[in-house]
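Visitor: Each chain is listed here by its residues.
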Amino acid sequence: MVEPDDAITLRLEGIHKAYGVGTPAEIEVLHGVDLILKRGEFAALIGPSGSGKSTLLNIIGLLDQPSAGKLFITGQPTEQLKDLELTHLRASEIGFIFQFHNLLPAFTALENVMLPRLAALGHPDEAMRKRAAELIDKVGLTPWAEHKSNDLSGGQQQRVAIARALVMNPALVLADEPTGNLDTKSADSVFDLMRDMNKINGTTFLIVTHDRRLAQRCDRIIELVDGRIASDKVNSNVLKNGDDTTQVADDMVT
Amino acid sequence: MNPLLPFEWIMATRFMREGRMQTLLIVGGVALGVSVIVFISALISGLQSNLFRRTLDFQAQIIILPPEEVARPLRDANARQTAILVQPRAQRLRSVDQWQKVRDQLLKMKNVTVVAPVVSGAGFVIRADANRAVTLTGIEPESYLRLIALKDKIIAGSANVTSSDILVGIELAKDMGVAMGDKLTLRTASGGTATLIISGIFDFGNKGQNQRSVYVSFRTAQSLLNLTGGASSLEVNVADPFSAETIAQDIQAQTGLKAESWIATNAQFFSALAAQSMSNTIIRFFVGLTAALGIASVLVVSVVQKSKEIGLLRATGTSRRQILRIFLLQGALMGLMGSLVGSLMGWGFLTLWRGIAKNADGTPLFVINFDPMLFFYAAAGATLVGTLAAIFPALRAARLDPAVAIRG
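Those sequence lines, one after another, are chains U and R. If you're matching positions, the first sequence starts at 1494 in the working numbering and goes up one per residue. If you're matching positions, the second sequence starts at 213 in the working numbering and goes up one per residue.
Careful, some of the hints might be misleading.
[What the hints assert, rightly or not] In the DSSO-like style, the derived pairs of lysine-lysine whose C-alpha atoms are separated by at most 27 Å in a straight line are:
| hint | chain 1 | residue 1 | chain 2 | residue 2 |
| --- | --- | --- | --- | --- |
| 1 | R | K320 | U | K1641 |
| 2 | R | K570 | R | K520 |
| 3 | R | K322 | R | K470 |
| 4 | U | K1575 | U | K1726 |
| 5 | R | K470 | R | K320 |
| 6 | R | K386 | U | K1575 |
Simulated from the structure, these hints should not be mistaken for lab results.
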């Protein structure tokens, strides 16, 4: 707690998560996770399948409740919050990028970006259209703004999702395998876009990925194994060189 | 996106447009149901008002008669009857006691619109060798014609009888071989005889009535029936025909006279009307239930199909309440759209029906009421039914766990 609270986007204290509590099939997937994400960090969350990455991400994203432990979003405790308050906190502070089904097919790219603001305000207005158009422009999709989201390629859809995740100016963007569905070239450009947004806006990113190559391009790599943080390293090479190196990969194996 | 539209409206309409086929099918189903309701309701209310009019056009709503005469057997000092057998008295023709005062008193009562004194009794019409038994009714045209739609049924002459006039039915005129302006002798059992001029011929559309009823002026009937200055009954109409029974009971209590409402004298007719209304209600209920189940099942399927999108909306800051409203609104809109289309279809069926169901002479079999409020009620009812039907699917949608829904 050296830093003042407003510099800390996310604080987890002893997060446990168990499913089927009280039944013979009770299973604990997270065994006390402590984690702090500072403002502007660009972190990767890696780990094998079944290690609890998605569960942790859902808990951080206020989509799921921990069985025990404390979760603070921009310094605000979340334990006591009711569903509606959680929804409002999620809407204002957290942006999501998923692997699949990120967009509503009945809406255009621009409308999809507007959605979180639309839900928060209750009706459309010109300011939100302008803001959405700006973001669409930033992710380079202005010519496709009025296309139905189904008509966009996978990479374009993920770009729209990034724009949507940023439309409320959240403190934290959670991305669950954002490039898992894309070819290498699209994956790189989507990744670069997130990086840019992180640099320009100072938004904190936490990216769950299987792709070690992409993880190596993050500032920090958090590895989750069997529901515990197995390693948490600052990826110094990236900070120095701004590119991935074999040395980081060696670090992570140890 | 129109800035005036709320978020829930935008989502609901987009979802419905997206599931176009489902939406069209269910709107079609609701429309059919509503059209059946509109058609049957109009048909039955038309039928009822027709029956109603046929009954009330030729019958006063309340008839006030002198109290029945009863036999008063002799009693001894201990109030015991001394007679072994007591015969009921024969009811002779009597006047309502002080009928002018009673009339004035009735006219002061709320809801009473018309009071007409009447003298009626039995008699014969005689012409040459022919004679027919008739019921003669002495009327004051100024009050009686407001009470009963006699004027509408006059096919020749006029209903305004003077002391030397008589109105006869078309069948009686045929039987007696008389026409307008001819003379007819009327004789009553009490010995009165008068020769009257036919000043009007009516057709009630009922052979019995056309053969047996004649109308003469009030005073003529008084002298023919030996009831000078009297009125054998007072006939009353009230503002709301369905309150006739209550008012009749009031009158009976206030005057001590016998007051019979049309409701009491037509008990069977009333139970028939009630049975019709009941069957109409049952049809409406089951059609409404079918529409509700249809809407609910379409929405349940839609919630399952859209669970990922719902999860996504929840993750991006849409509250449970908003999700709930999005689906309730879809139910309401399906109901409303179905009812609008259904009302038009029902109207179409009714127009068609009016073209088909005709009397031999080309007049409609009976008049169907186009009550615009019926369309309004259908729309409001269907919207309500749609909203209620959507409650269960909407709750399901709102309760979806976003984490599970997105994972799928």
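Visitor: Determine for every hint whether it applies to the structure shown.
Guide: Do the hints match the structure? See the list:
no., hint, verdict
1, R:K320 / U:K1641, "violated, 75 Å"
2, R:K570 / R:K520, "violated, 58 Å"
3, R:K322 / R:K470, "holds, 19 Å"
4, U:K1575 / U:K1726, "violated, 35 Å"
5, R:K470 / R:K320, "holds, 19 Å"
6, R:K386 / U:K1575, "violated, 90 Å"
Of the numbered hints stated above, those contradicted by the structure are hints 1, 2, 4, 6, listed in ascending order.
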